[in-house]
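Build the full structure now, drawing on both the sequences and the hints.
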Amino acid sequence: MPGYQIVVLGSIVPDPLQTLEPVATPQGPGLKNEAMLPHVLDPWAGHALYEAANLAAKVPGSKVTLVALGPKQKLQQVMMAVGQKVPFELVALDGPASGFTDAHEVAAKLADAVQKLPGLDRSALLLFGGWESASRGAGVTLQMVGERLGIPDQFFGVDELSVKDGGALQILERVEGGKHQVSVCAGPPAVLGWATGNLPEPKNNPQVGMANMRGVMPALQKAPATPVGTGGVKFESVAVPKVARETRVVKDMSPDEIAKELVEWISQD
Amino acid sequence: MDTTLLLSPTEADGTLPRAALEALSAAKAAGGTVIVGLFGAKTGPAAAQLAGTGVAKVLAAEAAPLAQPRYGTDAAACAALARAAGATVIVAPALSRMARVAAGVAQRLGGRIDTHVSALSTEGGALSATRWYYKQRIEAKLQRAERPWVLLVDPGAYPAAAAAGGAAPAVEPVAVELGPELQRSQVTGVHAPTSGEQTIRPDAKLLFVAGAGWTKKQADGKPNPEKAGELILGFLRAAGASLGTSKSLTDQAGEGQKVLEFMTHLNQVGQTGSTPRHPRGLSTCCHGEEPHVVGWRFIRERRAINLDANCGWARGKADVVYVADAFAVMEKVNALLTAKKT
Chain A
27 MPGYQIVVLG SIVPDPLQTL EPVATPQGPG LKNEAMLPHV LDPWAGHALY
77 EAANLAAKVP GSKVTLVALG PKQKLQQVMM AVGQKVPFEL VALDGPASGF
127 TDAHEVAAKL ADAVQKLPGL DRSALLLFGG WESASRGAGV TLQMVGERLG
177 IPDQFFGVDE LSVKDGGALQ ILERVEGGKH QVSVCAGPPA VLGWATGNLP
227 EPKNNPQVGM ANMRGVMPAL QKAPATPVGT GGVKFESVAV PKVARETRVV
277 KDMSPDEIAK ELVEWISQD
Chain B
-18 MDTTLLLSPT EADGTLPRAA LEALSAAKAA GGTVIVGLFG AKTGPAAAQL
32 AGTGVAKVLA AEAAPLAQPR YGTDAAACAA LARAAGATVI VAPALSRMAR
82 VAAGVAQRLG GRIDTHVSAL STEGGALSAT RWYYKQRIEA KLQRAERPWV
132 LLVDPGAYPA AAAAGGAAPA VEPVAVELGP ELQRSQVTGV HAPTSGEQTI
182 RPDAKLLFVA GAGWTKKQAD GKPNPEKAGE LILGFLRAAG ASLGTSKSLT
232 DQAGEGQKVL EFMTHLNQVG QTGSTPRHPR GLSTCCHGEE PHVVGWRFIR
282 ERRAINLDAN CGWARGKADV VYVADAFAVM EKVNALLTAK KT
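So the protein lines, in turn, are chains A and B. Read in order, the letters of the first sequence correspond to residues 27 to 295 in our numbering. Read in order, the letters of the second sequence correspond to residues -18 to 323 in our numbering.
There may be inaccurate statements among the hints.
Said to hold, decoys possible - Here's a subset of chain A near chain B, in silico, CB distances under 7 Å, partners left out:
hint, residue
1, 46
2, 48
3, 125
4, 150
5, 160
6, 204
7, 208
8, 209
9, 211
10, 222
11, 256
12, 260
13, 264
14, 266
15, 273
Hints in this document: simulated from the structure, not taken from any laboratory. Please read all numbers here as calculations on a predicted model, not as lab measurements. Heads up, the beta-carbon is just placed ideally off N, CA and C, and yes, glycines get one too.
Next comes the structure, spelled out in structure tokens:
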């Protein structure tokens, strides 16, 4: 079986433990002190990258390319950590990673970058990414990139990919009710938007890190400026919702009394 | 004024999924004429369900290949329906089947898309959508200049539209080209959870959230995951509740520790999990701050059982927090629920 060209689309998001506060900027909504916030690889894009590396390790001749749109200083910081995990080649685009940018514009830039990849072979192409980001959280960018590339086989909420005899791909996608839809695709090209998959986060491997860094730094240095905006969106309001509830703290009830109160509450129509 | 198209697949028996009737309520909130576009192997029963709901007409793409939820054929059907309707606003329920194709359809139509919409409103003839950013931590209300504008409405955001009686709307068939190049993928089935027991029930009235505290050392100084599993599953069966969990608990399972075997990433709620909508939620043994608590952002009534009254899941987030041992309380709750059933 010839190898796959696995292209992973993924960017960076603020560390989930940070407090996020929206602010108005000349480019549209943004986050307060966004440039100062520590960032991480988007969690679901991370799963996609680790699944890509796992597949590439099983199928000789495969190659993993990570295409990332984000501010290159931030990308560099995140790649120093991610680059220790699995082997990949980076293609960096220097632009905003804000959740408030327009997915349509982002998809156009990413599709263009994928089409310009040297030696791109559609018959071996697997386009990976997270099924949603932790920033815009829309689950649309990867799909629009796939559509722009004319790929009619797309799968989202993917938790498992296996290669069958003859090269067909069996894919498990999340559907309603905590179930998985099972599909068999004839083969590449295909788009797979990953949910969590089944793999733990790989441990750091210094040898992988050294090999990756030889490509990561030049990729960051030659990252083209890639401006994206908010498209035709007019934001009427952007705010952190008021979430504080008046919590009744119950400290002096026995388990029997609490259970009785809970059952009455659960049984209400 | 926009013309609105409600797009929905039909179920295997040809009926409308409940989420489609909820999305119809959202489509009506968008104002203007509402047309419904249905696709599937069978659409007649769904069209009949729309009698008295105020829709102007129904467009139906009906073909055997549309029995399978897959990108190639579903996207072709949706695009054909949208073009036939000439709609400027397209509303659809955020079912997995629609989420798989909606952005591709928007791209194909030269339009734009927003998903996870929780509300639609019109002021001065301008349509606004409300949705969340950064994993339900920032809420935004926005308008778009571009058309067509595709909007995926989250299930549970609106009540299901009710039929007010009257004749069924007129049905116009729409032809769709579904060539072999669109059918390279075949849906071969649906897998139930590996535990053999369904713990995720989107229609349940109660979400039960189990935190990592269930697997920690108990009063006797030892962890007791077997007892925890028994209590949790016992409650789910007795109350018909849906199970959610924190990331830390599912990660433990993934790392091969002997914990709660029925827990998978599918149960995970919060920052990297789902944000389900249920009328009530009960969190037990949960810890963590804002990023994790987004898991029950859309739960209306919330109670918590926790030994720490100041836990991020409880104070300011729940209506009631019981400072107690969840093992002791849930044992009593299960006994009461079981007695009530017999």
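Going through the hints against the structure:
no.	hint	in the structure
1	46	5 Å, holds
2	48	5 Å, holds
3	125	5 Å, holds
4	150	15 Å, violated
5	160	5 Å, holds
6	204	3 Å, holds
7	208	5 Å, holds
8	209	5 Å, holds
9	211	4 Å, holds
10	222	4 Å, holds
11	256	9 Å, violated
12	260	5 Å, holds
13	264	4 Å, holds
14	266	6 Å, holds
15	273	5 Å, holds
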